[in-house]
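Chains as they are written, first to last, in this note's numbering: chain A, 817 to 1305; chain B, 44 to 494.
No lab work stands behind these hints, which were simulated from the structure alone.
Treat the hints loosely; a few may be bogus.
Beta-carbon label-pair distances, calculated as ranges [said to hold, decoys possible]:
| id | chain 1 | residue 1 | chain 2 | residue 2 | range |
| --- | --- | --- | --- | --- | --- |
| 1 | B | 85 | A | 1013 | 52 to 62 Å |
| 2 | B | 140 | A | 978 | 44 to 54 Å |
| 3 | B | 364 | A | 1105 | 20 to 30 Å |
Note that the Cβ used here is the ideal one computed from N, Cα and C, for glycine as well.
Residue-level listing of the chains:
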Amino acid sequence: MLPLVILIAALALGGYFLARRRALASAQGDSRNLHSLPSYYGYNAVMSVAVPALLVLGLWLLVQPMLVQSSVVDMIPAEAVPEGSSVNLIMSDVRRLADGLDAAVSAGALSAGDATDLSAADDLRAWLAERGVAIGAEISPEVLAAAQAYREMTATGNFWRNIVVALIAMIALFLVLRETDAEFRARNRVEGGIKALLILAASLAILTTVGIVLSMLFETINFFNLHPWTDFFFGSSWAPNFRGDSDLSILPLLWGTLYISLIALLVAVPIGLFAAIYLSEYAGPKVRATAKPLLEILAGIPTIVYGLFALLTVGPFLVKVFGRGDAGLLGVDWMSGATSVLTAGLVMGIMLIPFVSSLSDDIINAVPQSLRDGSFGLGATQSETIRQVVIPAALPGIVGAVLLAASRAIGETMIVVLGAGAIARISGNPLEAMTTITTRIVSQLTGDSDFASPETLVAFALGLTLFVLTLGLNVLALYIVRKYREQYE
Amino acid sequence: MSDIPNPAAPFADPRGASLLVQDGRTKRRNAAEGRFKLYGIIAIVIGLLMLLTLLFTIISRGTGAFQQTYVTLSVPLLEDKLDKNGNRDLEDIKKVSTFGYSPLLKAAFENKVEAAGIETDLKSKDMADILSKDAAAQLRDHVLANPELIGTAAEFEFLTNSRVDGYLKGRVTRESIANDKNISAEQLDFVDVLIADGSLEKRFNLDFITGADASDARPEAAGMGVSMIGSFAMMLVVLVLALPIGVAASIYLEEFAPKNWITDIIEVNISNLAAVPSIVFGILGLAVFINYMHLPNSAPLVGGLVLTLMTLPTIIISTRASLKSVPPSIRDAALGVGASKMQSVFHHVLPLAAPGILTGTIIGLAQALGETAPLLLIGMVGFIASNPPENIAEGLMSPNSAMPAQIYEWAKRADPAFYERAWGGIIILLVFLISMNAIAVLLRRRFERRW
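The shape of chain B in the complex, shown without the other chains (with noise of 0.2 Å):
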């Protein structure tokens, strides 16, 4: 056929161009189609962008938290100063105020200046000052442990202060401090020659993944421990509340529920709950649990629970989700070899179920763990949360923080060093979701099962 001359042509392009040369309408098709595409490209690099500079931002801000200042000090217990009548009686020596203390850290770095041969026109109360405030108490809480001390010179490494330890992160300048009441150019002359002598360093701290908050004048001694803890006894109710109700709401709803109006509000109702700003469930919490209830305030059984009736949404939809993807012949054989509904059910579907409701229960966890908008309401910040619960009940009762409002509370704070610790806060926060969420993803690698 192809041989065949077509001397009419009567297909030749009516505009009379040739296929192989792009006329101008096709040009400007394939240009749009090329800027459509960039369009595209623009997109997702715009946002895989703000995920890296986020990244970034929260990593360059944060590391700087885990480590901090020491000074380490060899502070002269004087008995005169500790102990007046020399008997080693405890009560006595409780009767010594933290005022009482303070003296020996002057002496101690007086004896410093003299041993080293530092020249410096620093009084020795301006050279006490570059510790942390809570350099006295950690002092006389040592002294109180160890009363056969007394008399002797111990070694101490004590925190400085936020400003020293800003100053060797370079978040403190020579320039930055002008108007700075709480340290002066003087102190940071004598902190270089601390840090050239060696007995001022920085290194790792691990109170600051272990130790509690701390008031507004120390951000120096802040730490998520605590709220750490809190957040975990959060993460138990959840656990121990939303998974049996979630699994047993979704097997009623997918296995048994017939099709009927009330079957059509729940399920409705469960879609939209999912739906409802978490700040709500803050409101039901408060009205509800605490208002109606009185359960105690602050308590993170409390926020346990608000945070159950938010994950409930979340790990219902999930576990309806792996029990339909279970095939129907499962159930038809094991009722046919005369198991009843509820046994086939129990027996075979759930099992089969078990990873895909794991992975969602986890990813449901992952996402209570970081609300923290219904824990403002219910009264988890604003509050020193000191000490850690000594058990189970005290850590469920009483008040504590949790690790999002930990670090809502220190970006709401006055010292810039407090942003230091929120930044570190979210580093811890953000390991524990990335490890919670890749345990999800290979649960579901491992166990997912194709029918």
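Next up, chain A with everything else stripped away, as it sits in the complex (with noise of 0.2 Å):
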């Protein structure tokens, strides 16, 4: 692998000075007489070798891990997968074996021919292990066929794969060298080449879209083969139980997400659009350009600092206010663990602070200025103006500013994963804990996961749904700021 790779790296290098000369001594040796610069032939040449010979190598390795192993998972007979076992899990025993005595042979352990001669009585676990490859059970005349025929495909493959991008580069070198003269447009060749390399950068935005739909959708499909829909959806319980049968509705987590999303737009909003307008209308310039900034700074700390104030500060606090019976700050006994929907609620409001202040403190700012002085030239004094003229034009901004704060608060993980607590239920009472979607795809995909039960896959759901509902919000925010905007000009 490594030594065919700096045998395209010495060919495409090789043919960077051979293009160039060759385009030179047929322009007669003065650069003025070829089509574009001389070292522009150079990367061609580098181009031509290096792209479809790295192309068709990255091909190879993704394609051909892909052929061996299903060939070798026929060898396995089912008989051969011990109970509590799957065809996969013994799979990943024949590679980590064969990878294993590669790496013995390799490291002078072992010669070529007893790895080939190798049975399964020789106690090849221990021996094994001692070097550092664990596998994960006894290893059984099968599985060692299957980790040999598994060696000799990849040997065969790999010897093929060589030789087949070592002819791709050596042919695409002596083309680029046959077509380099003095009038091929060589400038042309390679601009088109870094513009298709920046289009493949673009798109990679696509891609992750693609990837994280298609890597979601996937797996529900599957949640839905083993669960039923409308339990996920209309069921009213969240009890998942690693044993099978479990309730699994996304309502309660829904309930939970939203009533916490409520508070902190009712912390963040009325704070950031006061400060926003005081600071856009108010505000000197001096006082303008110390709060804000200071503001900002709450927008940039990590969330799992706010999880662990929530967890630590904000949620003892709250049980000292309204918990702890005479002992408490109001002698009532209302709360009793530090985690609550009212703890999450206010320290993600905090973090919403700056968010809502900085988009409306923008669109603030974009309302003309004529608005101001034609409802000041009436009479109006500045808090009239405000509330009537500049509020109202910005109001289609700010709706979408408060929509993209709850996507945020929607999607927001560490606070409510540290704050929110871990029960799922759907009651009113912001002294209580509840759990929320975000939290449960924490739970259900940390720790040992086994990615054919409902209870692991149910996370992806879950995923989709948050996807789907913080995109929905993102697009009616566009949508809205689109639509109602008002054009001034």
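Could you fit the two chains together into a complex? Lean on the hints.
This is the structure in structure tokens:
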């Protein structure tokens, strides 16, 4: 593998100098007779040699393991799969065994001939474990045979891969040198190649979105094959049970998510909005220059910090106020644990203040001064102008900002993981612990997860719901902003 | 004009009041004005107050983690306990497990009590219990590294356990330990004596910054160092991947892309990706990089890839903004002297936009550095990252944690001594974030050009 890459690099580098010299030679050594600058001929050669060769190499690396795997899987008889195991686990053992043997051969601990003649009786597992290769189960003759076949096929595949890729690189070099002369439009070719690369980079965004949707969609379909979708969308309780027969309904989680987000917005929107109004309409340049960046620090603090703040500071404080019976500040006993909807909501609200204030600030600033002047001219005070002229003009933008903040709140994870609690319930009491979609995704997917059980797969369905929800809010926000925006010109 | 009397006074106030005296309505309006302004001031003050509270909490609770309590002891390395054959054979010395070393610690305390004339009812076992559970292992490692010390008495510095440490930091008091099995009031009395004696003291703890995480029983030995390396490895991946890809994508969209539906889709996509919750990227990473591509679980490489996808929109948006701010005259001039479109972009526009791109990249990196949620899903929590990796490849591929994930891990543990570590970890994390943002601001100030 490494020698092959070095060979390609060497051919490409050689191609650079050869092509450059050839072009110059065909122009009688005077670069003014060339169509492009001499180095472009070189770059063209590098590109023509390396790109097809590396492309084929990459494709081969992707396809060969799949082909080998599928033909080796057929070698493992169904009765060789022990109870409680799966073909996939056996295959990973086969792969590891084959890799271990190869590593032993290349390290010189085993001769190539010995490696093919090994038998399962030699207590291979212990021998390999000593060399740092851990195998999950005892090595059965079938696994060993499969591993040997795996090694053999991989070796053959690698051999042909090297030959094919090296040939492609050499042929490309030959072809590119043949077409290189003074008239050849090397710059156009190179620039075309660079442009293709740029397009590739830009389409990675689409690829990411497709990846997100597909990866969650497939597992969600798997989930709905194992678990009725009616229970997921319309059930009333969330009680995962790893022995099976769980209630997996999104409604309690959705309720918790929306409740916490609502509290967060009740904190963030008034504070953020009034801060934005003050900063853009009243504050002098000095106050603005200090207060705005200071507020924005709140947005730059990592969410884990807010999570810890919720769990260790705000939660205990709220318990002191609303809990502990007579020992508490209010003398009531409404709250028992530090985690609650209010805890998470308050802290999330703090996090969202700069989000609302910055966006609204920009929008209020975009309202033209002539509107304000007109209002002042009619005798309105500044606050009347703001309430009756500036805010209505900025309203679509402000609604958009609030929707974006809501989408942030719904997708926020660390604050609710640490501050909201783990009990799924539908209740109106903000002092109780509730749980959210994001918290459940984290808890279902961390630790030992079995990707064949509905209890794990439900996380993908939750993730997809979350994705659709936040995407919907974002699109709605953009739509409102675009549709109702006033155009002043 | 003004001196001509106007007996009709057609413009007099209809209510007959003077302009100089406010009437009730004007007063109300002015009061409303004042209130409205006050709301704004209150909002800003609340916001700033929250910031102050947050910073104050972090600093007041976190600084303790940078100090740790140490005991200085002279430990007799008895030959009959450590090397019965007396031939200093390393294999023989290795046979003595950490259990074999705890009598030495007890003996050290006995000697101490005798030499200093301390009066105490404690048994030597209880005295040795004020040390970290790590002490015997630390002693053993040192002896194995220096077998020639056997038979002598050597000075050692041991960490005390987290309760004693908490006592010195004011977290643990005699009242709070009434039901605590790990420490007794007599032990605290003994600690007081040792403090007076000068052999037990609290001082700066470099291990918190450079050391590895420790198990649940030893909060006093836990450090951020290894997870810091994990974070750096991830940032390396993000920098290497996100910067070139992001810049390439922005150049295409800003300079070359034709105005058509494909370009529209890409643009809408990028702005939507910027708003996708980070945990969704974690799900993507789990499904694609771990379950499908079989990359190793918990590896910083996977974390870096996930964070790359997450950071790309940020970098693309800021890069496009800085490309846009380069005036078209620069492009026109380049084209006018015969450069191709590609040359004008790469030779002229890109260098001029570079400071802005760099600033955006640093801010994107800072964002990625503080991100936790996706890391939980790809398994970068829940284990103890014990040894620093030996080289870059291992640093990328072997399981590790990251700074925010390590903080989360500590926040989840039962012992309150870990909370102090978590706050301390936050201080380290914030120091990184603040310095990165400061560099970004300085770069912007230094290189920003107004056209």
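So does residue 364/B sit 20 to 30 Å from residue 1105/A, Cβ to Cβ?
-> Taking Cβ atoms as reference, residue 364/B and residue 1105/A lie about 21 Å apart, which means the hint holds.
Hint check for residue 978/A and residue 140/B - Cβ pair distance inside 44 to 54 Å | Since the Cβ atoms of residue 140/B and residue 978/A sit about 51 Å apart, the hinted range of 44 to 54 Å holds.
Take the C-beta atom of residue 85/B and the C-beta atom of residue 1013/A, compute their distance, and say whether it sits inside 52 to 62 Å.
-> holds, 54 Å
Violated hints: none; the structure is consistent with every hint.
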